[in-house]
Amino acid sequence: MSELEHQVPSAFDPFADASADDSGAGAKEYVHVRVQQRNGRKSLTTVQGLKKEYSYNKILKDLKKEFCCNGTVVQDPELGQVIQLQGDQRKNVSTFLVQAGIVKKEHIKLHGF
Amino acid sequence: MGDDHDLKEEGGEIVPFDPSKKKKKKKVVIQDPADDSVEKLAEKTETLSVSEGLESTFSGLKKKKKKPVESSILTDEVGEAGEELEDHIGDDEEGEGIDLHPRYPWEGSDRDYEYEELLGRVFNILRENNPELAGDRRRTVMRPPQVLREGTKKTVFVNFMDLCKTMHRQPDHVMAFLLAELGTSGSLDGQQRLVVKGRFAPKNFEGILRRYVNEYVICIGCKSPDTILSKENRLFFLRCEKCGSGRSVAPIKAGFVARVGRRNAGT
Ligand SMILES: [Zn+2]
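Chain order of the listed sequences is A and E. Take 1 as the starting number for the first sequence in the UniProt record's numbering and just add one per residue. Take 1 as the starting number for the second sequence in the UniProt record's numbering and just add one per residue.
Think of the hints as simulated: they come from the structure by calculation, not from any bench. For each residue, glycine too, the CB sits at the ideal point set by N, CA and C. Watch out, some of these pointers could steer you wrong.
As the list claims (entries may be wrong) - Here are the simulated DSBU-like pairs of lysine-lysine, each with C-alpha atoms no more than 30 Å apart in a straight line:
id	chain 1	residue 1	chain 2	residue 2
1	E	Lys197	E	Lys153
2	A	Lys104	A	Lys42
3	A	Lys64	E	Lys197
4	E	Lys242	A	Lys91
5	E	Lys197	A	Lys42
Unchecked claim - Output of the computed footprint for chain A on chain E, the stretches with three or more beta carbons under 8 Å from beta carbons of chain A:
id	stretch
6	116 to 130
7	203 to 209
8	246 to 259
If we strip away everything but chain A, and leave its shape as in the complex, we get:
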C-alpha cells in the first residue's frame, strides 16, 4: 500500500512521535463523525463527542440550515447526546465544525467508507 511511504522523517527522530502521537488508548476527546446506511441509497450521519458545554440544539439547527437536511439530537444512555443528520454529511459536518471553531480539525475522526 502506497500509504506506508508517506511522512518519513529524513533524519529519524525516535522521539518525534512521542508527543505528537496522541492516538492510542487515551484518545477520548475525538469527535466522531460516522455514516450509516439505511435502506436504499439513504444514509445517516452521526456526530458524537462534541463538548458537553455546547448547545447541541443550536448546532443542529445551523447544521440543518446549512446542509438543507433534517436531523435530530438523540440521547444515548452511554455516549450522551449525539447529533443525527439525514444523508451522508460527513464532509459537510467536519468542515462546518472546523470553520465554526467548534472542533479542531485534528480532533475530528471521520469514520465509514
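Guided by the hints, dock chain E with the ligand onto chain A, whose structure is given.
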C-alpha cells in the same frame, strides 16, 4: 543513529543509499540536482529498497561502509588493484567465480568501477547469500477486496480471510473494525466469507482496510507490517517484530449506532 552516519558520508554521494522511502529520494535529488548519477542511484535504491524495516536499514549501513572502501582502493591504485579485487570477488562468492565474470561490465578492462555497478554487485551478493537483507523483500501486497452482492441488501466480502492472513490479524479483530467503521452488522458465512448488511463497493472496504493497516498493523517506528497484536489486560498492544518497538492501540469501538430500520424491532 541516523545523524551519525549522515555525518560520516560527506554530502550527497552516499546519502541516496539509505534504503528508506521515496520521500528521501526526492530530497536527495533536490539536494544535488546537478549530479545525475546520484539521481539514477536514487532511483535504483528506490527499486531495491522498497521494503521498510530496520533490517534493511542495517543492510544499507553495511553496504555503505563496504562501498566507499572499495572505491577508494580503486581510485588510489588504479590498474593493479583491479586484479586483486577481482580475486577478492571470487573469494567472496565461493563457487561462482567463473560464472561471475561475464556478469560485470568492468570485466576485462582496467577502468574504474562505477559506483552504480558496485552497488548492483553488492545487492546481487546480498540477494544470493542473504536475501532477507537485500531489502527487496516482498512488500506486503494486499489484494483488492473482492465483493459480491447478496440480494439487494447484503454485501459479501469474498477474500476477507485471505486479507486477514496477509495482515496476520485475527479475523475477529478485523471484522470488528470493519463493521464498526461501516456502521453495520455482519458475520462470517459457511465459506468464511464476511457478509455485511448494506451495499458497499470494494473501494469502501479498501479504504477501511487501509485505515486498519495504518492503525493496527504498521509499526510507527519502522513502517514494517511485521507486527504482533496482543491483548494485555484489556488493552491492545502492537509489537513490532522488526525493531521491537511497541505501542498501544485504541480498542475498537463501534461508538454510536443509530437505530435504523423498523421501529418496532427492539427496545
Ligand atoms: Zn518497527
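Unsatisfied constraints (hint numbers, rising)
4, 6
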